[in-house]
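Number of protein chains: 2
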Amino acid sequence: MLLLRRVCFLLPSPSPRAPLAKPLPLLLRLPRTLPSAARALASMAAPAAPAGGTAAMSRDAFRAAVTNTLERRLFFVPSFKIYGGVAGLYDYGPPGCAVKANVLAFWRQHFVLEEGMLEVDCPCVTPEVVLKASGHVDKFTDLMVKDEKTGNCYRADHLLKDFCKDKLEKDQTLSPEQAEEYNKILAILDDLSAEQLGAKIKEYGIVAPDTKNPLSDPYPFNLMFQTSIGPSGLSPGYMRPETAQGIFVNFKDLYYYNGNKLPFAAAQIGQAFRNEISPRQGLLRVREFTLAEIEHFVDPEDKSHPKFGDVSDLEFLMFPREDQMAGRSATRLKLGNAVSEGTVNNETLGYFIGRVYLFLTQLGIDKDRLRFRQHLPNEMAHYAADCWDAEIECSYGWIECVGIADRSAYDLRAHSDKSGEKLEAHEKFAEPREVEKLVITPSKKELGLAFKGNQRMVLEALEAMGETEALDMKAKLESKGEVEFKVCTLGKDVTIKKSMVSINIEKKKEHQRKFTPSVIEPSFGIGRIIYCLFEHCFFQRPGKAEDEQLNVFGFPPLVAPIKCTVFPLVKLEKFEVVAKKISKALTAAGISHIIDMTGNTIGKRYARTDELGVPLAITVDNTTSVTVRDRDSKDQIRVEVDEVASVVKEVMDGQSTWADIMWRYPTHTASAAEDEAEP
Amino acid sequence: MLLLRRVCFLLPSPSPRAPLAKPLPLLLRLPRTLPSAARALASMAAPAAPAGGTAAMSRDAFRAAVTNTLERRLFFVPSFKIYGGVAGLYDYGPPGCAVKANVLAFWRQHFVLEEGMLEVDCPCVTPEVVLKASGHVDKFTDLMVKDEKTGNCYRADHLLKDFCKDKLEKDQTLSPEQAEEYNKILAILDDLSAEQLGAKIKEYGIVAPDTKNPLSDPYPFNLMFQTSIGPSGLSPGYMRPETAQGIFVNFKDLYYYNGNKLPFAAAQIGQAFRNEISPRQGLLRVREFTLAEIEHFVDPEDKSHPKFGDVSDLEFLMFPREDQMAGRSATRLKLGNAVSEGTVNNETLGYFIGRVYLFLTQLGIDKDRLRFRQHLPNEMAHYAADCWDAEIECSYGWIECVGIADRSAYDLRAHSDKSGEKLEAHEKFAEPREVEKLVITPSKKELGLAFKGNQRMVLEALEAMGETEALDMKAKLESKGEVEFKVCTLGKDVTIKKSMVSINIEKKKEHQRKFTPSVIEPSFGIGRIIYCLFEHCFFQRPGKAEDEQLNVFGFPPLVAPIKCTVFPLVKLEKFEVVAKKISKALTAAGISHIIDMTGNTIGKRYARTDELGVPLAITVDNTTSVTVRDRDSKDQIRVEVDEVASVVKEVMDGQSTWADIMWRYPTHTASAAEDEAEP
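Line by line, the protein sequences are chains A and B.
Numbering of the first sequence is given in my numbering, commencing with residue 1355 and proceeding in unit increments.
Numbering of the second sequence is given in my numbering, commencing with residue 1355 and proceeding in unit increments.
Read the hints as simulated data drawn from the structure, not as lab findings.
The structure displayed is predicted, hence computed values, not measured ones.
Take the hints with a grain of salt, since some may be wrong.
A pair holds if it fits inside one copy or across any two, identical chains being indistinguishable in the list.
Unchecked claim - For lysine to any residue, the following SDA-like pairs were computed, each having C-alpha atoms within a straight-line distance of at most 20 Å:
1. Lys1938 / Leu1467
2. Lys1861 / Arg1427
3. Lys2003 / Ala1942
4. Lys1503 / Lys1556
5. Lys1772 / Tyr1437
6. Lys1863 / His1780
7. Lys1435 / Lys1486
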């Protein structure tokens, strides 16, 4: 799960982002102002060009507009605000919470139910031994420097990055050589060791940004929140940094539950924790977040997928390793070709890439700002077969939101080794197969006589020999009668005689094959996806007043926090009665909605509803029929009171689009009183 | 939230369970063997008697049968089992996870959506200041003793309780006086101080159960998992022990979001953590659990509820304080009467009691093993107005699963005081009201001259005077010209002269009233509810083999983890084609189901399906029509292939019952091959 910087064990320093990925232009394309249907058409026609006719808006201004709306409408707020907040912790308020619930429900539908996955729910508190086995205790670190006087902590790579960027952007006196050097550092930043980082910080005279005090040398800081389980203080534990380990440790039971058959996938949605040194980037890099992870276990010798045909015709932006290294941009590829040509390692990995694409775009992620980027060799763990990130472009750049990795047998083996519990699968042969097998049979009696208390260690070492080593020993024993043999657990060589062990190649009938399954892991950072969704759905349109810009979240019905609002046009009891009747019908139809009886102007109410991303608004201006207004087009139609709930349900369930509905009902022209540009 | 031992601040030691509640009989009523409809009738007729004709089964044997089925079928398993597990941590496997998701979805529907609550989602990691304000840092403790040699820890009250119970159950030589003493200790156990507990442990010579070593004196152990936020090690934090605080600290924003209007409710579902000293009782007392909490904010002067009429006719088992103290049992009361007669403090509290009753019984909790028990005075926090627990009877006794408390203004005041942020509501008057108001106006100049650096403390103390104190000072200043005045923050008395302060009663026009809202808090322990549901839904029925007992979870469709299974009767391609077609139709209808193509006998497959609590099973024995089998009655009907998905949906959505369906379709008589008692 490189999304969360799953540790790579042999390569020096896994980089969470592609060092060679193209830097973002300072000006972002403006969020579109067209209603979604038109937007989809426009973007199909010209994927790379800004649609609509609006002028560019600076990235910072755009982000400020989005964030301001999000916080004002309580989509999210900094946690514990009345106490000054805590960096990297956020609360989802009511509309944010509803969006999140919708995203998770769709995830469950799209992955768990449709693919028949086994969902599990494991605790966040995790004993140390589990995270020792996974490597997190030793390697889940960032390099940190301390202000030598105040003790304030900073991420070493951030300071160096900020320094280089600042120089490149602001220093007018920079020579071309210096500029080249700073650019090079930015490119290799993620590969620098603690020593290299420290040397550069010294060389450039970088000091603590807040105090200008000198800095310590960089040293690793473990990013897990540590705690202690039970009262003794002797059982260290951590808040899990990912949900995946809970699945791996349950492999045996899940395999049994699945009738001892491969392939199968397990899934988990839950909180994960990362004690960031200095969180930045709002909702994108936080200390606690919701992950949704899938571990698809598969026979390493057969990674085909029966449903690959369902996604093989999809075509979308992919960014293979070779293109990144050659400095080319991402290109549209057909998924089927990417797999058949070997760009994507195997069908199962390809199938999940396709399913992730469908998931994200159905949520409302703009498909022209979504790409699948392959990990470069230096980003990938040594054991990984292949790895692709779904990256979404937002005002912070291209953000890794889903990691899809073929992690081979690494995780199951790590837990097998540490726990001593065999985490493997077997394939029963239809017919028994004859195989040649090396059989090592130590003589316990002889070993006991020769090695006494060390007998067990020698015996285990003999049994653990590989084929080459054993055949070599066999040859030597036959020629010389004895051989020197290194026993690691004893830390020395011992002399093995012919009588102590027999080594033979025997023909055996095998009825089954045992193996450690490979795991293909799609891992979703739910908060990141939601934040990008906020940005992709946000647009502004002019209000009535000069310079006034009205904010709209153009959420698709699937994720909209509230599907519909009901307003009486004016405060009249007969209208309120109708509004309540409609509300009852909406509740019965399972449509989340609000009634607004505040008596604010209709314009104000529409503006509020648009900021919350409510797709439809019902205005009660009559006791027999009402108007229904579409958020994106602002078009209105007139529908009978008794029919309105089912019309709303039809659009919300995706059975009809607004355009379909427009054909069936008379249009309603807004009167001055309803004019929404009069907040 | 006494469910989680919310700390009481003045009373010495809040007890989580009623000390006077009747002890459980050792033999429990047997779980019913009747199908649910018959069961409901039987229990209505004779609520206290065991229904059906089955013999009693010991409580331990029953629990073992349930737990064995739950673990074998992966409803839940001890977490990190391959590493030996961790006490008090459990994983939900696939069916358990599905039950949990169903319970939470229904909770959201029943409370959040139907009542228009504001749902929030706050982090688990919580800075110390928040839990200082709430009192958890200082008071969220259990008393612990340590084995003086090994350092093993035990809950002091558990050891004393076990000792007394053991004596009462096993010591044949016990005198009536001794028996009375042990019984008395069991009754007052929760009220004992550390000193009293320690004295009893010494007096009885209680030693460490595992080693017989002597024990330390009892001392408080804080039950929160502690951690550190950020890299400096200077910001202590905890894993939240409840979700409620996240709502309280957001009160101001939520009140604004609600249009500055009361009442409104906020809700949160999430993980909570409690570092138990020595967890017992399986899923009932764990170190990490899911809570669903509601904070309903209301004007303390008006706790009526507009929808109380919807629940006032409900009648169920209630156990008021007086009845507990008089040694009577719980009785059936009409909720409307309980409120009007003052047994339940107010309508809003009563409304939630009714809604909780509906929630639990609709989930499948047996209404005869559900009671609402009022807290005794010594259980309740001093600030609480009233508090009722929904207790469910299971093999562990009556278990507190939902706490419903009127906590008055306590929580908001605590955070107001600590943060300095005013957490209050206001009521705008229709007409301004003339009120007499005490106005205290200190003279900064005079105070400055007299008290120099202490000026601010004196000024604040003057402004904070209550009415009586201020009027007393006014009188003394007028008669004597000066007065001694205690300033707590200075820790001494100062002399206040007439020139330093003016105190007057003034008539003022007020346009609004400001106040701290009361909060009514229903708090649900989701894991406990689910465990009790498992027990209430479990029953056994005879298999074909002698002495064989088949296990069934009789879940209602609402919570059943899988709604339906599809089997081909025999392994034939034409049947598999039909099975796949039906599966597709079920997916389209949103019905979670599994296809079982294993080729096991139909009896084995039914047995598996019953253990998972799947309500309906479709057997494909024909290409045009199939059989549908009801789990509880084992009755079968024959339905056309094209119709079967909609029939299943009808029953699962609750539009029809099995009995309705039985009328409409031909019954199917099981052939020998399908006989389910042949596993």
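Structure-based check of each hint:
1. Taking the closest pair of Cα atoms, Lys1938 and Leu1467 come within 20 Å of each other only across two copies (12 Å); inside a single copy the shortest separation is 30 Å, beyond that limit.
2. Taking identical chains as interchangeable, the C-alpha atoms of Lys1861 and Arg1427 are never at most 20 Å apart, the minima being 73 Å within one chain and 40 Å between chains.
3. When the C-alpha separation of Lys2003 and Ala1942 is checked against a cutoff of 20 Å, the pair qualifies both within a copy, at 11 Å, and between copies, at 17 Å.
4. In this assembly of identical chains, the alpha carbons of Lys1503 and Lys1556 lie at most 20 Å apart only when taken from the same copy (17 Å versus 52 Å across copies).
5. For the identical chains of this complex, Lys1772 and Tyr1437 are inter-copy neighbours only, at 8 Å across copies versus 43 Å inside a copy, given an alpha-carbon limit of 20 Å.
6. In the homo-oligomer, the alpha carbons of Lys1863 and His1780 lie at most 20 Å apart inside one protomer (15 Å), although the nearest pairing across protomers, at 84 Å, exceeds that limit.
7. Proximity of Lys1435 to Lys1486 under the C-alpha cut-off of 20 Å is restricted to the inter-copy arrangement: shortest distance 16 Å between copies versus 36 Å within a copy.
The structure does not agree with numbered hint 2 stated previously, though it agrees with all others.
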